[in-house]
Amino acid sequence: MSKGAQTARTSHPLLDIRRATKIFGAGFLHKGQGVQALKEVNLSIADSPPRIVTIAGESGCGKSTLANAILGFVSLTSGHVLYRNKDVASMNRKERSAYRRQVQAVFQDPYAANNPFYTMKHVFEVPIRHFNLARTRTQARDLMETALNLVGLRGEEILEKHPHQMSGGQRQRIMMARAYLLQPRLIVADEPVSMVDASLRAMVLDIMLRMRDEHGISFLYITHDLSTAYQVGDDLCLIYRGRIVERGHAAAVIEDPKHPYVQLLLDSIPVPDPEQSWHLEIRADDDEDTAGIPSRGCLFRPRCPHRMPQCSEQEPADYPVDPSGHEVACFLYERRGSVITG
Amino acid sequence: MDRLRSLLENHWKLGLGLAIVLTVAGTGLMGHLVWDVTRARVGSTELNLPPIWVRNPGPMFPKPDPTSPLGSDSSGRDMLALLIAATPNSLRVGVVAAGVGMAAGIFLGFTAGFLGGWVDNTIRVVADAVITVPALAVLIVISSYVRQIDLNNMAILLACFAWPAPTRTIRAQVLSMRHRPFVQMARLSGASSFEIMFLEILPNLLPYLAASFTGTVSASILAATGLEALGLGPTRIPTLGMTIFYAIKASAILRGMWWWWGFPIFMLVLIFSGLFLVTIGLDEIANPRLRGAPRR
Amino acid sequence: MSVLRIQDLNVHYETNRGTVVAVKDMNLSIESREMVGLVGESGCGKTTAAMAILRLVQPPGKIVKGTVWIEDTNISHLDKEALREVRWRKLALIPQGAMNSLNPVMRIRVQMADVIKTHEKRISGEAVQARIRSLLRSVDLPERVASMYPHELSGGMKQRVCIAMAISLNPPLLIADEPTSALDVVVQRRVARTLLQIKDRMGVSLILIGHDMGLMAQLVDRIVVMYAGHVAEIAPVKDLFTQPRHPYTCLLIESVPSIKERKPLKITEGLTHDLREQPPGCVFQYRCNHATEHCRCESPVLRQTTPGHWVACHRESSQPTPEADS
Numbered sequence: 000m001s002k003g004a005q006t007a008r009t010s011h012p013l014l015d016i017r018r019a020t021k022i023f024g025a026g027f028l029h030k031g032q033g034v035q036a037l038k039e040v041n042l043s044i045a046d047s048p049p050r051i052v053t054i055a056g057e058s059g060c061g062k063s064t065l066a067n068a069i070l071g072f073v074s075l076t077s078g079h080v081l082y083r084n085k086d087v088a089s090m091n092r093k094e095r096s097a098y099r100r101q102v103q104a105v106f107q108d109p110y111a112a113n114n115p116f117y118t119m120k121h122v123f124e125v126p127i128r129h130f131n132l133a134r135t136r137t138q139a140r141d142l143m144e145t146a147l148n149l150v151g152l153r154g155e156e157i158l159e160k161h162p163h164q165m166s167g168g169q170r171q172r173i174m175m176a177r178a179y180l181l182q183p184r185l186i187v188a189d190e191p192v193s194m195v196d197a198s199l200r201a202m203v204l205d206i207m208l209r210m211r212d213e214h215g216i217s218f219l220y221i222t223h224d225l226s227t228a229y230q231v232g233d234d235l236c237l238i239y240r241g242r243i244v245e246r247g248h249a250a251a252v253i254e255d256p257k258h259p260y261v262q263l264l265l266d267s268i269p270v271p272d273p274e275q276s277w278h279l280e281i282r283a284d285d286d287e288d289t290a291g292i293p294s295r296g297c298l299f300r301p302r303c304p305h306r307m308p309q310c311s312e313q314e315p316a317d318y319p320v321d322p323s324g325h326e327v328a329c330f331l332y333e334r335r336g337s338v339i340t341g
Numbered sequence: 000m001d002r003l004r005s006l007l008e009n010h011w012k013l014g015l016g017l018a019i020v021l022t023v024a025g026t027g028l029m030g031h032l033v034w035d036v037t038r039a040r041v042g043s044t045e046l047n048l049p050p051i052w053v054r055n056p057g058p059m060f061p062k063p064d065p066t067s068p069l070g071s072d073s074s075g076r077d078m079l080a081l082l083i084a085a086t087p088n089s090l091r092v093g094v095v096a097a098g099v100g101m102a103a104g105i106f107l108g109f110t111a112g113f114l115g116g117w118v119d120n121t122i123r124v125v126a127d128a129v130i131t132v133p134a135l136a137v138l139i140v141i142s143s144y145v146r147q148i149d150l151n152n153m154a155i156l157l158a159c160f161a162w163p164a165p166t167r168t169i170r171a172q173v174l175s176m177r178h179r180p181f182v183q184m185a186r187l188s189g190a191s192s193f194e195i196m197f198l199e200i201l202p203n204l205l206p207y208l209a210a211s212f213t214g215t216v217s218a219s220i221l222a223a224t225g226l227e228a229l230g231l232g233p234t235r236i237p238t239l240g241m242t243i244f245y246a247i248k249a250s251a252i253l254r255g256m257w258w259w260w261g262f263p264i265f266m267l268v269l270i271f272s273g274l275f276l277v278t279i280g281l282d283e284i285a286n287p288r289l290r291g292a293p294r295r
Numbered sequence: 000m001s002v003l004r005i006q007d008l009n010v011h012y013e014t015n016r017g018t019v020v021a022v023k024d025m026n027l028s029i030e031s032r033e034m035v036g037l038v039g040e041s042g043c044g045k046t047t048a049a050m051a052i053l054r055l056v057q058p059p060g061k062i063v064k065g066t067v068w069i070e071d072t073n074i075s076h077l078d079k080e081a082l083r084e085v086r087w088r089k090l091a092l093i094p095q096g097a098m099n100s101l102n103p104v105m106r107i108r109v110q111m112a113d114v115i116k117t118h119e120k121r122i123s124g125e126a127v128q129a130r131i132r133s134l135l136r137s138v139d140l141p142e143r144v145a146s147m148y149p150h151e152l153s154g155g156m157k158q159r160v161c162i163a164m165a166i167s168l169n170p171p172l173l174i175a176d177e178p179t180s181a182l183d184v185v186v187q188r189r190v191a192r193t194l195l196q197i198k199d200r201m202g203v204s205l206i207l208i209g210h211d212m213g214l215m216a217q218l219v220d221r222i223v224v225m226y227a228g229h230v231a232e233i234a235p236v237k238d239l240f241t242q243p244r245h246p247y248t249c250l251l252i253e254s255v256p257s258i259k260e261r262k263p264l265k266i267t268e269g270l271t272h273d274l275r276e277q278p279p280g281c282v283f284q285y286r287c288n289h290a291t292e293h294c295r296c297e298s299p300v301l302r303q304t305t306p307g308h309w310v311a312c313h314r315e316s317s318q319p320t321p322e323a324d325s
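Chains as they are written, first to last, in numbering that gives the first Met the number 0: chain A, 0 to 341; chain B, 0 to 295; chain C, 0 to 325.
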């Protein structure tokens with residue numbers, strides 16, 4: 000980006016998540032301590048250049064909670080989600096509306112994301128109406144057509160049909176088209192391809208890449224599938240039990256994982272090559288079933304092959320691995336004087 | 000043709016139920032075109048006439064008269080005319096009571112389900128309280144206290160006890176739909192709460208609401224008939240329940256005048272069966288899992 | 000003697016708007032101690048085929064043709080009683096989503112005892128409990144699991160309980176329909192390890208239905224690839240991945256994103272024909288880059304190219320059979 004393109008606005012990151020914490024089910028009327036879905040999560044997405052930031056982790060790790068907090072569906076127990084330095088939780092109606100224009104979403108289940116009562120046209124008409132994107136019917140129709148063409152579909156074959164008449168891949172592409180319609184700065188894609196057939200996933204992921212390159216839209220790509228994260232992600236953050244345990248450029252993290260949990264994850268991915276063994280015969284102590292959640296110290300300690308006495312005392316902070324921004328929350332990488340705070 | 004046939008096959012309960020209910024309503028509403036309804040008034044015919052097909056009525060009763068094919072009661076009302084006059088009245092009470100009750104139920108159920116919080120808690124507590132009140136007992140007390148009650152007042156009274164059940168079930172449906180992805184999508188697209196409730200959620204609940212409505216109509220007619228059979232209904236307006244009341248009062252059972260109480264009961268059975276089939280049929284549309292063949 | 004032999008299996012679904020051919024002319028045999036993977040995308044007929052083997056196909060589905068042999072018994076013409084004996088004793092099924100279908104209000108040992116006692120009526124309570132303990136051990140679950148409720152267990156543990164229930168009567172054949180699809184990658188490896196263990200220790204043959212080619216590559220001995228109800232290719236797992244012959248197999252293998260190197264994404268169209276209308280000729284023609292006129296007229300038959308490697312593709316049969324050694 001040239002200097003001339005920088006304005007005062009770009010001095011703030013597009014999205015800044017600070018110490019986001021969410022505990023479900025705690026409080027006056029509930030028994031017990033509740034479930035900690037997010038713990039002190041810090042994440043920053045720059046205004047430009049557009050990037051695909053991947054949040055990866057297994058189910059229940061808190062990544063969807065993070066997405067919901069960003070979209071305003073869930074309120075944080077503590078911490079803030081700042082959009083261009085404005086706290087999302089304290090936005091008034093007008094600011095919230097502007098926020099929705101800038102930050103859109105694509106959800107996991109392409110069938111459930113559609114109201115079965117209406118045809119597919121409905122999914123475009125509602126935002127067009129609310130954000131006054133078109134003044135006449137023809138204008139609206141043109142907008143829909145452009146958005147659909149971007150994802151490789153045509154209006155005449157889609158708009159008058161009902162959700163159940165389309166395939167999963169088509170429905171998800173329509174959701175991408177809908178998000179694109181609003182010309183947002185950021186699209187939060189929560190597991191967009193996990194319910195789409197394997198051979199059709201590439202099509203949806205390719206749309207993400209094209210939107211980034213040709214239209215300058217950033218993505219927050221949430222997934223449990225590290226292979227797709229590797230293929231399309233620019234940056235990658237791995238979450239374990241609500242904490243980010245490793246982050247950096249996607250290629251760097253996957254090719255050279257530092258955190259023991261990330262190493263375990265990558266080892267467990269079955270490679271479609273019978274020659275490269277999965278090493279099933281090696282017994283590992285990694286059963287999360289028998290491991291409990293420690294109340295103090297590093298959350299991964301019970302399953303970690305490298306645990307040290309220090310790990311049961313305190314939680315590790317984020318330590319840098321190299322200057323490129325690759326950080327790891329593990330005492331193995333602690334070097335005095337280079338701890339990252341915040 | 001094929002589609003029509005498969006439509007009828009798949010939804011035969013709804014079709015049959017609608018046919019029955021419409022026939023019953025039709026005879027009531029248009030019966031006056033084929034039969035003189037003024038004969039429902041006292042003294043229109045000879046007293047105690049048995050229906051026309053009875054061969055040997057016995058010594059207590061006069062011979063059947065073709066002008067009263069279904070017989071007459073001990074005040075000289077022609078049964079056929081009485082049925083034609085009474086049926087629409089009985090139906091009307093049910094429909095009005097259910098209509099008012101459902102309207103309240105939809106409004107309160109949606110508000111409670113969607114807004115949550117203290118609004119939800121208040122509505123829920125009140126609805127639960129009203130449900131536990133024995134409706135028939137209260138209605139009997141109120142009706143016996145009021146001297147002259149007409150059909151519309153009766154309907155409103157019944158509606159006061161008909162609203163909690165729809166409120167609770169609609170609230171439950173709204174709660175289950177509230178967190179569906181398509182509602183979140185609508186929010187992201189800028190829709191307001193009102194729009195989400197009535198433009199997104201309500202259309203999906205239409206078959207369910209219709210089934211709830213017919214079920215409430217059925218329950219209201221039953222309650223109204225119960226009150227009338229006890230003598231607490233409108234005395235000047237012919238209804239099926241009041242006919243039964245007069246029959247009991249005049250010892251029609253002991254006297255063997257089965258046609259006096261039999262035909263109103265037959266009409267009621269038809270109405271309830273028809274409404275029941277319609278309710279089940281609509282339920283099947285609302286919930287595809289109830290349909291016979293599994294969907295893949 | 001094969002553990003399972005399927006001959007000419009054809010299953011149709013009669014819908015209001017036409018007949019869907021869910022499985023067409025399926026021929027397959029499974030040997031003892033063999034794990035066979037049944038692979039294909041949604042709608043290819045793999046679950047229907049599994050249901051058809053057990054005669055669990057519900058209307059509007061119908062088995063229009065075909066025989067199924069389990070060991071030396073022809074089960075296609077058995078009556079209900081005899082079929083009940085076969086199910087669970089000779090052939091056990093772990094359906095999709097089994098782990099979510101455990102009875103939430105019964106302890107695990109009660110549910111497992113249920114299965115055992117239904118099929119072995121004379122067994123004593125002692126023996127049942129002993130067998131439950133031994134079954135839990137064989138799936139690497141601690142004994143205390145027996146007194147727990149399903150909601151107290153993790154997804155992986157629940158799935159292993161389902162596996163234990165399936166092998167409780169020592170069947171020679173087990174069908175597992177997408178046993179790990181809902182599980183995370185680390186847990187998946189654990190459950191996969193359990194499946195391999197029961198194959199080795201108990202001599203059970205397995206049919207593993209799934210769509211994850213990576214999982215198949217690591218776990219099974221042979222793979223059957225299905226497309227739109229037809230069997231496209233059958234081969235030993237190494238042969239399939241080093242020399243995939245059917246264009247659809249190539250497509251499936253290429254769609255698996257690699258964790259080892261960054262490659263450009265390979266984009267393909269989805270199922271392009273309506274399953275109600277079988278095209279004349281090869282069922283894959285609309286998606287195939289190598290389709291010829293011949294492919295559009297005549298449907299290819301499954302033919303053996305190298306030993307154990309069967310393909311239904313005209314391209315293959317027109318080429319000379321490659322040498323057996325390579």
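Simulated from the structure, these hints should not be mistaken for laboratory data.
Among these hints, one or two may not hold up.
[What the hints assert, rightly or not] In silico lysine-lysine, DSSO-like type, Cα no more than 30 Å apart, as pairs:
(1) B:Lys248 to B:Lys12
(2) C:Lys79 to C:Lys61
(3) B:Lys12 to A:Lys160
(4) C:Lys265 to A:Lys160
[As the list claims (entries may be wrong)] Stretch-level coverage of chain B by chain A, calculated; a stretch enters the list once three of its residues show a Cβ under 8 Å from a Cβ in chain A:
(5) 58-68
(6) 86-100
(7) 236-248
Ideal Cβ placement from N, Cα and C applies to all residues, glycine included.
We went through each hint and held it up to the structure:
1. B:Lys248 to B:Lys12: violated, 38 Å
2. C:Lys79 to C:Lys61: holds, 16 Å
3. B:Lys12 to A:Lys160: Within the cut-off at roughly 29 Å; holds.
4. C:Lys265 to A:Lys160: Status holds; Cα separation ~28 Å.
5. 58-68: violated (count 0)
6. 86-100: Violated, because only 0 residues of the region 86-100 of chain B bring their Cβ atoms closer than 8 Å to Cβ atoms of chain A.
7. 236-248: This one is violated; 0 residues, fewer than the three required, reach chain A with a Cβ under 8 Å.
The structure does not agree with the numbered hints 1, 5, 6, 7 stated previously, though it agrees with the rest.
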